[in-house]
Each structure stands twice: as C-alpha cells, then as structure tokens.
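Starting from the known structure of chain A, arrange chain B on it as the hints suggest.
Chain order of the listed sequences is A and B. When you line the first sequence up against the numbering used here, it's residues 111 to 627, in that order. When you line the second sequence up against the numbering used here, it's residues 22 to 94, in that order.
Do not take every clue at face value.
[Said to hold, decoys possible] Only pairs whose alpha carbons sit at most 30 Å apart, straight line, appear in this in silico BS3-like list of lysine-lysine:
id: 1; chain 1: A; residue 1: 337; chain 2: B; residue 2: 37
id: 2; chain 1: A; residue 1: 231; chain 2: A; residue 2: 128
id: 3; chain 1: A; residue 1: 326; chain 2: A; residue 2: 337
id: 4; chain 1: A; residue 1: 337; chain 2: B; residue 2: 59
id: 5; chain 1: B; residue 1: 37; chain 2: A; residue 2: 567
id: 6; chain 1: A; residue 1: 138; chain 2: A; residue 2: 326
id: 7; chain 1: A; residue 1: 567; chain 2: B; residue 2: 59
id: 8; chain 1: A; residue 1: 138; chain 2: A; residue 2: 165
Quick caveat, the hints were computed from the structure, so don't treat them as lab data.
As a plain string of letters, each chain reads:
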Amino acid sequence: MSWEPEVQELNRRRHLAKQQGGPTGIAKQHARGRLTIRERIATLLDPGTFQEHGKATATPDYDANDQPTGFVPANYVVGFGAIDGRRVVVGGEDFTLKGGSPNAAGLRKSVYAEHLAVQYKAPLVRMLEGGGGSVKGGARRGGTVGEPVFSAPRFRIIADAMGQVPIASIAAGAVAGFPAGRLVASHFSVMTRHTAQILIGGPALVERALGVKLTKDELGGAHIHAKSGIVDNVAEDEADAFAQTRRFLSYLPSHIGERAPRRPCDDNPNRMEPELLTAVPREDNAGFDMRAIVRCVMDVDSFFELGAEFGPSQIAGLARLAGQPVGVLANDCRVYAGAMTAQAAQKYRRFVEMCDTFHLPIVNFVDQPGFMIGPEAERAGTIRYGMAAVCAAAQASVPWASIQVHKGFGVATAAHYAPGAYVLAWPSVQSGALPLEGGVAVAFHREIEGAADPAAKRLELEERLRAARSPFPRAESFAVHELIDPRETRPVLCEWIEWIQPLLEDLTGATTFPMRP
Amino acid sequence: MALVEVESEVTGTVWKVETAVGDVVEEGDVLLILESMKMEIPVESPVSGTVADLLVQPEDPVREDQVLALVEA
Chain A
111 MSWEPEVQEL NRRRHLAKQQ GGPTGIAKQH ARGRLTIRER IATLLDPGTF QEHGKATATP
171 DYDANDQPTG FVPANYVVGF GAIDGRRVVV GGEDFTLKGG SPNAAGLRKS VYAEHLAVQY
231 KAPLVRMLEG GGGSVKGGAR RGGTVGEPVF SAPRFRIIAD AMGQVPIASI AAGAVAGFPA
291 GRLVASHFSV MTRHTAQILI GGPALVERAL GVKLTKDELG GAHIHAKSGI VDNVAEDEAD
351 AFAQTRRFLS YLPSHIGERA PRRPCDDNPN RMEPELLTAV PREDNAGFDM RAIVRCVMDV
411 DSFFELGAEF GPSQIAGLAR LAGQPVGVLA NDCRVYAGAM TAQAAQKYRR FVEMCDTFHL
471 PIVNFVDQPG FMIGPEAERA GTIRYGMAAV CAAAQASVPW ASIQVHKGFG VATAAHYAPG
531 AYVLAWPSVQ SGALPLEGGV AVAFHREIEG AADPAAKRLE LEERLRAARS PFPRAESFAV
591 HELIDPRETR PVLCEWIEWI QPLLEDLTGA TTFPMRP
Chain B
22 MALVEVESEV TGTVWKVETA VGDVVEEGDV LLILESMKME IPVESPVSGT VADLLVQPED
82 PVREDQVLAL VEA
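Looking at chain A on its own, in the form it has when it is part of the complex (with noise of 0.2 Å):
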C-alpha cells in the first residue's frame, strides 16, 4: 500500500497555498501599484533561491460530512533565501488575504521569522503590508482567555534579534500596528513613496479618538516618515527598495559572530583629491558641503546615506574605505551649523549602536559647534538625547577616527570620540568651550560693558582671538595624533584601516549594549 494518495493531497494543497487571495486578490494588489509578497520575495532574492518553510499552511473549511470545502492559505510567507549569494531569512505579509491581517498559522509564521533568522545566524529581510490584530479574534465567548502567566513576553525574540542579525524592514503597502513595531525594530527601515504610510492607527480610528479626519497619506505617507526618522530611507518604488536593502546588507556581517565582508578595492588607497584642499571656507560663516568631503576620502560611489531628512544636521551613513566597510558620520553646517538637535541626537546614538553591534569601524567627520539652543531646542529636551549620544560615544567599544575639519565646541564635541579614537585635524579646525562670537561676549561681559563703544569692543576681541587662533598648537601639544593636509585624509585612513584590521577579528560577538528601536 503506497502513500500515493497523501503525496497527491500534499502536492495538491501546496499548488492551493500559493494561490494566496486568488486571481481576485491578486489583481487588486497590482491595481494598487503593488507586488504580491510571493512576487516582492523572488525579486529581492537572487533568482530562484527561495526556499519556503510552512509550504502548506492553510486554514481549511471543512463541510458536515468532513470533506474540505476551502483553503485559506496563511498569510506570512516565510523561508530562507541568498542576497548576493550570501543567506538571509525573508518573511511577509500577504496583503491579497484579509488585507495582511494575522490569520492562525500566518500569525505563527511571522513570530517565526526572528527566531528562524537569529537560531540559523542570517540577517533578516522582513516585507510588511498589514494591519495587525483585529477585534474580529477577539469575540469567542467562553474557555480560557489570554496567554498564560508564565509565557515568554511575545516580543523578547524582537529585541534580542537586533543585537544578534541585521534586520531590514520594507514597507511597500499600509503598515499600522503591531507591523509598525516591527518596521522600527530594525537596522534599516524603507517605505515606498507612493504607495506606503506607517501608521500606528488608522484614519477610522483616528477619527474616532481625536475627531481629525485624515487620510492615511496624510498621517503616515512618506513625506511625513522621512523627517519622524521611522523610517531611514524613501525609496521611488518596491524594485528601489529592494535595491536599497540588498545594498545595507552589502555593508554589513551576516550576524555578530562575524566580520563585516571586506572587499577588493580598486579606488586608489594613496588618492589624493586636491579639492580638499580648499573644501572649508576661510570665512567663518560660509557654510561647505560636507558630503562633497565624505565622498571625496572614501572609496569611490561606496557611501549609502541613511536617514538624510531626519536630524539633517547629522550625516550618517555607511561607506567603504580600502574595501573596509565603515559607518560613516559628519556634521551637516548647513543645517544649523551642523549642530546636535534633538532629532540628531538619536539618529546618532542609534547608528553608533548599530556600528558597535556589528563591530563596524566608524570614520567621524567633525564639524560640531555644540547641543542645538533656543526656545524649541529647550522643549524638545535636547540635553538628554545629547547626553545618550555622548555615552554612546564614550562606551563604544569599535575602532574609531575622527577628522577635525572645522568646528569642535561644548559637550556636544565629545559625542564625536570614542576610546582609543586615532585623532586627526585639518588646518580649518577650531575648537574650544564656545565659539568665539557667543563666547567672547560671556566671557568678556565687563570689559565689553565698560567700553565707550561696546560692539566695536566686543568686535576687537573677537578679532584679536580669532587672530592667535592656530592649528599648530594641537599638533606640538599631541591634543591630535596628526594635524594633516586635507588632501591626505584619505591616504591616512586607508593606512588606519590595515592598522585595525587584528582589533576587528577580536571584537566579533555580542556587545553588552546592543541596539534598541
């Protein structure tokens, strides 16, 4: 007696789970502008890689007599996969059934996908389109209700992911609730532009708590998600967001028990760019474009930004240097003078974190006039997220240079080293405990005061300190371990990049401060 008949049933019930919401459904998801999870997963991956877990999950109907009467295939589609040739765990939502909404072996399936990705040690791609929960579950009567007491908290596995695997989240459709959580708790965070919103809840029930009619666009469309920092990038469309994914994942280690993948580099290391030379402006108050810098010193086209809207006076992104992935960060001085706001302060603690997580070597460039002042400022409660990113800093256990390029005051400036920084400076760099304009007005108050013509004092001794500033002492005192040639930058990080290379086979594994959302 063969098995013959099983086998049939078995084959015949995987063609049905991957018929997902029906040709119904499905031509709904392309009118929206959007691919279906099964279409979005075999673009992402390398062709035909894809090797599904759960290939026939389902909840069947059955009739009186036993015989099934339908087949709603669940809805997370969930396996392993290659990027580039190197393995990831892949897992999403199928908006073509129930509008994404969790249905039983769907629900189990999603929770599965962290735990699939940090037991077999591969970054995770999640692709989210869905809504989350639903009352709907909710109304069964009678039985026992909720989970039992002694139940793992559902969302350990969420957390303790981030500090074992890369996690990069996709958002190609609506995403509110509990999806909305996990898209944050990421690494690296896409929606598409025209065709996402993130959303913790939705219009109905915005309208029904607050009384505001708003659409969803309106309350979590891109345009609004690129400044929240929710999401780090926009991408025009699903193949740029997949694009943009597989690029992340190009930077960094496949967990934290190993190195980030160093390539073979043919931009010149010795390159010397001569713009660098006159990058930074004599005058104190022309502002200069700092990621004209940054792509200058590091490996040609290698420098992936993130998070370019959100705390814009902070530039953080990463890049390679000699083929050496690096994070990469920098004040933005057109942007209040590049200084630490709120916003900023957060984008800089969380990409740190990120760095240290996966041992990647950070490069700062310095161009720090202190923590954002002013009215906003104060209530945006500054000083606190400043203060993490100065901790972030001081604890930071990664290989790390600093490029003084121009400004360097107040606490903020400490943010910018981390134990053991190698040290460099620029002809153009200025430091102190407030920037000369503000400071000498504080410092000087009776001086000033007392004089016939106060401004025009205030103005002499601006101009009398701002004469005796000099690079040179810094260098003679050993403040920096060199005071180089802009054009050099990159020859001297090149070379620092070999120096470490036995300090990064020493730092894999787990940091005892990983990232948090």
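For chain B alone, coordinates are given in the frame of chain A:
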C-alpha cells in the same frame, strides 16, 4: 506649470534676498540666504522655473518649514 513652495530647513533670520519676482532660475540657484547659528545658509530653488513670489525680506525672522518663496516650475 505648478507652483512649488520653497521652505526653510531652519529657524533663523533672512540675511539677503538674491532674486526678484519674475527672475528665471535654474534648479539649485540660490534664491536667498538665511542666517542661523551664525552660519550663512543658502536656500536653493528645488526646481527650474520663474520666481513667482518672495514672502520674506531681509532681517525677517523665519521658522523651520516656513514657506519663503514660490517658484513656478
């Protein structure tokens, strides 16, 4: 033809207005310069077009996200 709002990224004051209503501008041309945290902050046109309106003048205080100018793309 669409009117594009040019917003301030920062709180500060207007230092110089570099264009006039009716000027033809390219994407990236400086419309005006703000001063904030003692830095000069150029505000560039996000599109190529014609300056349709300038809503601020020198020494005006401006706030983050305030519309400074309109450019007809």
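Hint by hint, here is what the structure shows:
1. Taking the CA atoms of residue 337 of chain A and residue 37 of chain B, the gap is near 27 Å; set against the 30 Å cutoff, the hint holds.
2. Among the hinted pairs, residue 231 of chain A with residue 128 of chain A is consistent with the structure: their alpha-carbon atoms are about 27 Å apart, no more than 30 Å.
3. At most 30 Å may separate the alpha-carbon atoms for a hinted pair to count; residue 326 of chain A and residue 337 of chain A meet this at roughly 16 Å.
4. Taken as a hint, the residue 337 of chain A and residue 59 of chain B pair is honoured in the structure, with Cα atoms around 24 Å apart against an allowance of 30 Å.
5. In summary, the hint linking residue 37 of chain B to residue 567 of chain A is supported, as the alpha carbons are separated by about 26 Å, within the 30 Å threshold.
6. About 18 Å separates the Cα atoms of residue 138 of chain A and residue 326 of chain A, which keeps this hinted pair within 30 Å; it holds.
7. Proposed proximity of residue 567 of chain A and residue 59 of chain B is supported: the alpha carbons are some 19 Å apart, at most 30 Å.
8. At most 30 Å may separate the alpha-carbon atoms for a hinted pair to count; residue 138 of chain A and residue 165 of chain A meet this at roughly 24 Å.
The structure fails none of the hints (numbered hints given earlier).
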